[in-house]
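Q: Chains as they are written, first to last, in my numbering: chain A, 26 to 379; chain B, 1084 to 1365.
Hints listed in this document are in silico derivations from the structure and should not be mistaken for laboratory results. Among the hints, erroneous ones may be present.
Unchecked claim - No more than 30 Å apart at the CA atoms, straight line, and that leaves these computed lysine-lysine pairs for DSSO-like:
1. A:Lys138 - B:Lys1196
2. A:Lys296 - B:Lys1305
3. A:Lys98 - B:Lys1110
4. A:Lys212 - A:Lys228
5. A:Lys148 - B:Lys1090
6. B:Lys1110 - A:Lys329
7. B:Lys1100 - A:Lys290
8. B:Lys1198 - B:Lys1313
9. A:Lys296 - B:Lys1165
10. B:Lys1100 - A:Lys98
11. A:Lys98 - A:Lys296
12. A:Lys138 - B:Lys1100
13. B:Lys1103 - A:Lys290
14. A:Lys98 - B:Lys1198
15. B:Lys1305 - A:Lys98
16. B:Lys1251 - B:Lys1156
17. B:Lys1103 - A:Lys138
18. B:Lys1251 - B:Lys1198
19. A:Lys296 - B:Lys1196
20. B:Lys1251 - A:Lys107
21. A:Lys138 - A:Lys69
22. B:Lys1110 - A:Lys138
23. A:Lys38 - A:Lys212
24. B:Lys1313 - A:Lys98
25. A:Lys115 - A:Lys98
26. B:Lys1090 - A:Lys115
27. A:Lys98 - A:Lys290
28. B:Lys1090 - A:Lys290
29. A:Lys113 - B:Lys1305
30. B:Lys1104 - A:Lys83
31. A:Lys98 - B:Lys1090
32. A:Lys38 - A:Lys69
33. B:Lys1100 - A:Lys107
34. A:Lys98 - A:Lys69
35. A:Lys290 - B:Lys1251
36. A:Lys290 - B:Lys1104
37. A:Lys148 - A:Lys138
38. A:Lys38 - A:Lys148
39. A:Lys138 - B:Lys1156
40. A:Lys33 - A:Lys290
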Amino acid sequence: MQTYTIRKDEIPKLVEALKEEYEVFGPMPKRTSYVFAPVTDPTKMNLDYDSTIMSPKKYYLPSSQTLMEVSLKNATIEDTVKDILDQKPKILFGVHSCDINGINFLNRVFDGKYDDPYFQAYKEITTVIGLNCLEPCKYGFCRAVNKNFVLDGYDLFLTEISDTHYYVHVGSPRGDRILTIAHEFFKEAKEEDGAAFTAALHKKHENLPVALHIDNIHETLDLAWDDAIWDELGEKCMNCGSCALVCPTCYCFDVQDEVDLSISKAERVRKWDTCLFYDFALVAGNHNFREDPPARLKYRFYHKFRGAIHDQGEIACTGCGRCIDACPAGISIKDVLFRLQEYWAASPTPQGGL
Amino acid sequence: MQVQLKKDNEYVPHIAKLIKKTQMTEKETLFEFMFEEPEIRDLFTYNPGQFVQVSIFGIGEAPFSISSTPTRKGVIELGIRKTGDVTEAIHALEVGARSGIRGPYGNGFPMNKMKGHNLLFVAGGIGLVPLRSVINYVADRRDDYGKVTIFYGACLPEERVFVDEIEKVWPNIPDFEVHQTVDECHTTWQGNVGVVTTLFSVCAVDSANTMALICGPPVMYKFVVRDLLKLGFARDEILLSLERRMKCGIGKCAHCQVGHKLTCMDGPVFTYFEAERLMESI
């Protein structure tokens, strides 16, 4: 398989060249942090970014999205899938492994028996240029959840191999297309580049800490169902939903009809929702299946680390750490996992072994 | 074999016309809908226990169990309680009004597996809505199923739904037995008073070769299940139709998650064996 290298200082020129055919989004500075935003000035895009406030899930599942327009007079319906497909193709530049894994997870949810044509349309128009993290970020714990690498879900993937160069893997024909239209920026990798790539991988594994082990998380959660930790955290939690909004794998949504001022047409809109909100499991007749705040917080953890293994075959956490930064109550998902690890270690074991 | 209506966009409903409204109680009305397109009318079929998503454009969409039986083709009957924005709008529809319906979704009851078995139905309030689909299906395919016993409980006599069928139709079907109860005593009520489980002492239930189908308010399940287990029902002979909040109906929005399963995809019908393993299910 052919691999390539690209000079770091040529990235702005590459972005400029790609803008003709694509709308390019990347990590752009915003106050004290970074956000994925249109790369208006390619020299401002910073691939050394730590993390972004929101994950790139917004490019596949927008926070608010019109699913269809309905004429109220004659009940004719037009869906908006074609509008997505008609958009200028997008490039997401510099997406970390955790976030690519997040997109892969969402793809499992929005595929299946009934595929979601909106998500699939966004996937169709979006090219992902991934970026290997060789240094830990402030809150992340990707290696503990095995999300510090990607197997697929990228079109190109960059790994820093020196102060001046990235190593480039091609993951799809869409990635190949970028090499075709911007071939002048990519050089075929030499043997010493391959050796530098191997060294970079070793550096990554040395740098990313793994004090947290979640290999038996499902069993631990089964044992901890009635533990006091859920009430304790539930009392601290403000049910604001910030954790779910910044989460790259939280996908819950609400659907609402919105009528325009002329009362002649309505839009059916889906919006991000979260299981932490009071009315998430509220049904007709005012029965609430998760009325108390601790029940909702507990549900979120059980869905992420237990339910998702059943549904999607893997946990719904990429270890990106955004929710730790976002939580106004100071609840850290990493700390909760550490406490569950301690809970497991402290649980009684038979004398003399099995 | 059930023919699936394959659509490019599962979120977009088909247009259906309201063709009849029959008020059943102060809050519950039976609505009969018919798809406008003849092709969809022909292809649309379902399993008793499945549900559809009904759209009132401009107001919203909500899930409803189908109350008619697929053995009687043509219309979809939905028994709906007036309780929120969408249901109030449905109640306000006039005959001839156009709304949207998509589905059917969910698994429904295992009608093939139930063949040859005696069936015990335990319904509370509007829990009879999905069970009525099974009951009439069994009535239409009488030879395929054994003895049928129906326990129906409501809070007040005037809150009972499908009273004509309960009192006049079902008792006259061979090997059908119907018992009713109300929670509160009422001057005009001559029958049993007490919650639905009190009917177990009114009518002896034999668990041999019998499957029990339960649907009612959330509080009802654990008491009915407790009595059924005492009577010797196996955990997989007890079938529960669960209710949860739903938005998409197709396994995406996660509102109806119960334990590690989705009510809209894996349910709404679960055996008690399954439900027992789902956190917070009953």
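Q: Would you mind marking each hint as holding or not holding in the structure?
A: Outcome of the hint check:
Between A:Lys138 and B:Lys1196 the alpha-carbon distance is near 23 Å, which keeps this suggested pair within the 30 Å criterion. About 35 Å separates the Cα atoms of A:Lys296 and B:Lys1305, which puts this hinted pair outside 30 Å; it is violated. Distance check on the hinted pair: A:Lys98 and B:Lys1110 sit about 28 Å apart at the alpha-carbon level, within 30 Å; holds. Of the supplied pair hints, the one linking A:Lys212 and A:Lys228 holds, its CA atoms being roughly 24 Å apart against a limit of 30 Å.
As the CA atoms of A:Lys148 and B:Lys1090 are separated by approximately 19 Å, the hinted pair is consistent with the 30 Å bound. Taking the CA atoms of B:Lys1110 and A:Lys329, the gap is near 39 Å; set against the 30 Å cutoff, the hint is violated. For the hint linking B:Lys1100 to A:Lys290, the alpha-carbon distance of about 19 Å falls within 30 Å, and the restraint holds. A C-alpha spacing of about 24 Å is found between B:Lys1198 and B:Lys1313, which places the hinted pair at or below 30 Å, so the restraint holds.
Straight-line distance between C-alpha atoms of A:Lys296 and B:Lys1165 comes to about 26 Å, which keeps the hinted pair within the 30 Å bound. A C-alpha spacing of about 14 Å is found between B:Lys1100 and A:Lys98, which places the hinted pair at or below 30 Å, so the restraint holds. Taking the CA atoms of A:Lys98 and A:Lys296, the gap is near 25 Å; set against the 30 Å cutoff, the hint holds. Between A:Lys138 and B:Lys1100 the alpha-carbon distance is near 28 Å, which keeps this suggested pair within the 30 Å criterion.
A threshold of 30 Å between alpha carbons decides the hint, and for B:Lys1103 with A:Lys290 the separation of about 26 Å falls inside it, so the pair holds. Our distance criterion of 30 Å between C-alpha atoms is broken by A:Lys98 and B:Lys1198, whose separation comes to about 47 Å. Among the hinted pairs, B:Lys1305 with A:Lys98 is inconsistent with the structure: their alpha-carbon atoms are about 47 Å apart, more than 30 Å. Annotation: proposed proximity of B:Lys1251 to B:Lys1156 holds, straight-line Cα distance about 23 Å (limit 30 Å).
Between the alpha carbons of B:Lys1103 and A:Lys138 the distance comes to roughly 34 Å, so the proposed pair goes past 30 Å and is violated. Of the pairs offered as hints, the one joining B:Lys1251 and B:Lys1198 holds, with about 25 Å between alpha carbons and a cut-off of 30 Å not exceeded. Between A:Lys296 and B:Lys1196 the alpha-carbon distance is near 40 Å, which puts this suggested pair outside the 30 Å criterion. The suggested pairing of B:Lys1251 with A:Lys107 is violated, with an alpha-carbon distance near 53 Å, which exceeds 30 Å.
A C-alpha spacing of about 42 Å is found between A:Lys138 and A:Lys69, which places the hinted pair above 30 Å, so the restraint is violated. Restraint check: the Cα-Cα separation between B:Lys1110 and A:Lys138 comes to about 36 Å, which exceeds 30 Å; the hinted pair is violated. Distance restraint check for A:Lys38 and A:Lys212: the Cα-Cα separation of roughly 15 Å lies within the 30 Å cut-off, and the hinted pair is therefore satisfied. Our distance criterion of 30 Å between C-alpha atoms is broken by B:Lys1313 and A:Lys98, whose separation comes to about 57 Å.
A threshold of 30 Å between alpha carbons decides the hint, and for A:Lys115 with A:Lys98 the separation of about 36 Å lies outside it, so the pair is violated. A threshold of 30 Å between alpha carbons decides the hint, and for B:Lys1090 with A:Lys115 the separation of about 27 Å falls inside it, so the pair holds. Among the hinted pairs, A:Lys98 with A:Lys290 is consistent with the structure: their alpha-carbon atoms are about 8 Å apart, no more than 30 Å. Distance restraint check for B:Lys1090 and A:Lys290: the Cα-Cα separation of roughly 23 Å lies within the 30 Å cut-off, and the hinted pair is therefore satisfied.
Of the supplied pair hints, the one linking A:Lys113 and B:Lys1305 is violated, its CA atoms being roughly 55 Å apart against a limit of 30 Å. Of the pairs offered as hints, the one joining B:Lys1104 and A:Lys83 is violated, with about 43 Å between alpha carbons and a cut-off of 30 Å exceeded. Taking the CA atoms of A:Lys98 and B:Lys1090, the gap is about 24 Å. The hint holds against a cut of 30 Å. For the hint linking A:Lys38 to A:Lys69, the alpha-carbon distance of about 12 Å falls within 30 Å, and the restraint holds.
Using a Cα cut-off of 30 Å, the hinted pair B:Lys1100 and A:Lys107 holds, with the two alpha carbons roughly 28 Å apart. Restraint check for A:Lys98 and A:Lys69: the C-alpha separation of about 49 Å exceeds 30 Å, so the hint is violated. For the given pair, A:Lys290 sits about 46 Å from B:Lys1251 by alpha-carbon distance, which is inconsistent with the 30 Å threshold. A C-alpha spacing of about 26 Å is found between A:Lys290 and B:Lys1104, which places the hinted pair at or below 30 Å, so the restraint holds.
Note on A:Lys148 and A:Lys138: the hinted pairing holds, with a Cα-Cα distance of about 18 Å set against a maximum of 30 Å. With a C-alpha separation of about 25 Å, the suggested pairing of A:Lys38 with A:Lys148 holds against the 30 Å cut-off. Only pairs whose Cα atoms come within 30 Å are accepted, and A:Lys138 paired with B:Lys1156 is accepted, the gap being roughly 26 Å. Of the pairs offered as hints, the one joining A:Lys33 and A:Lys290 is violated, with about 50 Å between alpha carbons and a cut-off of 30 Å exceeded.
In the structure shown, a violation is registered for the earlier hints numbered 2, 6, 14, 15, 17, 19, 20, 21, 22, 24, 25, 29, 30, 34, 35 and 40, in ascending order.
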